[in-house]
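In order, the protein sequences belong to chains A and B. Taking the working numbering, the leading residue of the first sequence gets 1, the next gets one more, and so forth. Taking the working numbering, the leading residue of the second sequence gets 92, the next gets one more, and so forth.
Don't take every hint at face value.
Unchecked claim - Pulled from the structure, derived: some chain B residues nowhere near chain A, Cβ distances all over 10 angstroms:
#	residue
1	K141
2	R167
3	D237
4	L327
5	L349
6	S482
7	V503
8	Y692
Claimed, not checked - When the alpha-carbon atoms are kept at most 25 angstroms apart in a straight line, the in silico SDA-like pairs for lysine to any residue are as follows:
#	chain 1	residue 1	chain 2	residue 2
9	B	K233	A	E77
10	B	K677	B	L331
11	B	K151	B	W264
12	B	K597	B	L699
13	A	K73	B	M506
14	B	K513	A	E77
15	B	K228	A	H46
16	B	K233	A	R19
Derived from the structure by calculation, the hints contain no laboratory data. Even glycine gets a Cβ: it sits at the ideal position worked out from N, Cα and C.
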Amino acid sequence: MTHTSKFTLAHARTGQAHRVKGLRAPSHAPEWIQWLEEIGFVDGEHVSVLARGLPGSDPLVIRIGQSTFALRKAEAECVELHDGMHAEQAA
Amino acid sequence: MTESVIHFHPSGTLLALVGNPNCGKTALFNRLTGSRQKVANYAGVTVERKEGRIKSQKGKTLRLLDLPGTYSLYPRSPDERVTCDVLAGRAKGERRPDMVICVLDATNLRRNLRLVLAVQRMGLPCMVVLNMVDLAKRRGLKIDPDALSRQLGVPVVTTVATQGTGLDELHDWLDHPERWNVQPITPAHEPVADQARVNAILRALSLDENSPELPSDRVDRIVLHPVFGPILLAVLLFFLFQAVFSWAEAPKHGIEQLIEWMGEQVGELLPPGLLHSLVVDGVIAGVGSVLAFLPQILILFFFILVLEESGYLPRAAFLLDRIMGSVGLSGRSFIPLLSSFACAIPGIMATRSIANPRDRLVTIMIAPLMTCSARLPVYALLIGAFVPNRSLWGGVELQGLVLFVLYLAGIVGAMLVAWILKRFASGQQTRSLMMELPSYHWPHPRSILIGLWQRAEIFLKRVGGIILGLTLALWLLASFPGAPEGATEPPILYSFAGMLGVALSKVFAPIGFNWQISLALVPGLAAREIAISALGTVYALSGSAENAAQALTPLIAHSWSLPTAFSLLAWYVFAPQCVATLAAVKRETGGMRMPLIMAAYLFGLAYLASFITFRVSTALLG
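Working from the sequences, and respecting the hints, build out all of it.
In structure tokens, the structure reads:
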């Protein structure tokens with residue numbers, strides 16, 4: 001898998017532990033940044049994908065800190081991740 | 092605001108409960124106030140306002156306001172806006188609370204604490220209730236309430252609201268408001284800074300960083316499984332509808348017999364004549380026919396409350412998000428639409444949890460297409476009269492199959508309308524989901540009972556009032572003026588109601604309705620099932636609604652053609668035959684525009700569906 005410029009929650013492997021690096025909202029929904037921050041998506045927070053929905057993996061089940069949220073794929077794409085220690089392994 | 096001077100307010104100290112959704116706030120509220128609760132709406136918005144009274148240990152009476160759950164003081168939905176406005180003293184007609192109790196989910200301090208910081212900045216005396224400490228302990232989280240109290244600078248007590256532990260200590264604090272701390276108002280809102288402070292607090296309390304697997308995760312592996320999840324949901328929904336119809340049979344029958352008995356008892360006391368007819372045929376039979384649906388509504392709400400309390404409903408919404416998304420809705424619309432199978436009014440009220448205004452509006456607009464329990468008696472009458480009672484392959488009853496098709500027609504119609512709205516009126520909206528999937532809990536009987544009691548009260552008050560009025564109005568219209576001397580036709584034809592029926596039948600003739608049906612549809616606007624008792628009255632029958640329904644079956648089987656019956660069934664799938672629903676839409680959308688649009692499109696759809704049904708079945712059956 002080649003690394004694109006940003007590695008987001010939408011691309012994270014199911015069950016893999018990550019940390020939030022930052023948020024970037026699409027231009028049509030700038031308010032998402034604030035909403036995501038409020039439900040716990042802040043820099044450094046533990047995050048992982050618990051499950052993916054029906055075909056097309058949308059929506060996703062996300063563990064953020066101690067809570068579980070359902071996010072649409074488009075929302076998960078706003079969450080940039082550090083691909084540090086647990087970055088995806090070459091498959 | 093001048094209203095913030097409240098120290099000598101006669102009704103005593105006003106406390107507000109604030110917390111994240113799913114933190115156990117309502118369980119605590121139920122524990123503290125018991126049955127001393129008042130459910131209403133906030134001024135100008137249809138957000139449920141729950142207030143209760145607490146007797147403190149010193150005998151003081153306190154008022155407790157259960158504010159809608161919110162993640163932050165930056166609102167997304169009408170619910171959350173109410174919480175912000177009340178705390179800031181901006182809410183219309185609401186007094187600013189004197190003190191605030193922040194309820195925290197002890198298993199999720201990181202997110203919950205940020206709301207405490209935001210509330211503290213509002214400059215109100217504040218204390219913290221650390222709820223669900225039993226769950227936290229089981230997950231290996233050791234939280235020292237004294238250390239947390241030192242960090243936050245406010246009193247902290249620990250509780251398990253569902254079991255009522257820790258309430259004594261809370262009561263003790265309620266008697267000593269002078270010990271609560273107030274921080275000066277500081278307007279700054281900086282999520283990153285807040286999070287840094289929360290992290291510092293958590294480090295000081297040495298609460299571990301890692302999040303172990305939660306017990307709910309094991310359940311979720313099945314419940315949210317791409318294959319097993321939807322199957323489980325389908326089975327659950329099937330069971331739910333089975334229960335609504337089969338469990339309700341006995342209590343429904345009981346209520347009907349009770350009403351009949353009451354009618355007889357009261358009937359004997361009154362001399363025959365106008366008053367007798369008014370009380371027995373009008374009031375008792377009319378209101379009784381609606382009361383009979385209470386068991387079904389309570390059973391449906393019982394399931395909805397259990398599913399909601401257990402944490403399953405948001406998962407169902409998650410599973411259905413894709414399907415709903417294909418017609419331009421989100422999974423969040425599932426819960427209001429499910430409620431609408433009992434009655435569209437609570438369903439429409441439940442849309443307030445949908446943050447996106449367009450999604451909310453579309454959900455409101457299609458909610459009346461879900462087959463509510465008031466349609467059942469009409470369906471039952473027509474199916475009983477016109478569909479032969481015989482078994483098809485595999486023991487499937489033909490009558491049951493027709494009923495299922497009618498339910499399906501409503502759902503498909505709703506999907507179609509949502510899809511059309513998506514195609515032509517969605518604009519550049521981007522919908523968001525961001526929905527919490529709370530940990531599973533065993534539903535608590537006490538909370539379920541309180542919830543059911545409140546639903547019953549709302550149903551009886553709202554529907555009962557309108558139905559009583561309309562039944563009386565119909566009785567008046569059908570009784571006056573009386574038939575002239577030497578009249579050959581039934582007396583009702585000379586009354587106002589009869590004239591109205593004849594006039595309306597010109598409009599409804601193309602879809603096969605006679606004047607009796609046309610007339611019955613008018614009082615049926617108040618509540619669908621009234622059409623049955625109205626038909627009974629119109630066909631010059633007397634007695635209770637149940638008697639009318641039984642005697643009606645052979646009568647209409649003889650006098651109506653099959654296409655007419657099918658056409659009326661199709662009409663009932665779509666027609667907005669419920670003034671109370673339109674009134675709820677008006678309240679919910681804040682104007683006459685939406686209820687008028689809704690009435691117009693649903694009547695149009697109903698007329699079209701009936702026209703096609705009538706013409707096609709006439710052509711086929713000859």
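Right, here's what the structure says about each hint:
1. K141: With a cut-off of 10 angstroms, K141 of chain B remains clear of chain A, as the shortest Cβ separation is near 24 angstroms.
2. R167: Given a closest Cβ separation of 6 angstroms, the condition is violated.
3. D237: holds, 22 angstroms
4. L327: holds, 17 angstroms
5. L349: holds, 46 angstroms
6. S482: At roughly 36 angstroms from the nearest Cβ of chain A, S482 of chain B sits farther out than 10 angstroms, so the non-interface label holds.
7. V503: Its Cβ never comes within 10 angstroms of chain A, the nearest being 21 angstroms, so this holds.
8. Y692: At about 29 angstroms from chain A, Y692 of chain B clears the 10 angstroms cut-off, so the statement holds.
9. B:K233 x A:E77: violated, 35 angstroms
10. B:K677 x B:L331: Roughly 30 angstroms between the alpha carbons, so the hint for K677 of chain B and L331 of chain B is violated.
11. B:K151 x B:W264: Satisfied, since the Cα-Cα distance of roughly 12 angstroms is no more than 25 angstroms.
12. B:K597 x B:L699: Given pair K597 of chain B, L699 of chain B holds - Cα atoms ~16 angstroms apart, limit 25 angstroms.
13. A:K73 x B:M506: holds, 23 angstroms
14. B:K513 x A:E77: holds, 24 angstroms
15. B:K228 x A:H46: Given pair K228 of chain B, H46 of chain A holds - Cα atoms ~21 angstroms apart, limit 25 angstroms.
16. B:K233 x A:R19: holds, 24 angstroms
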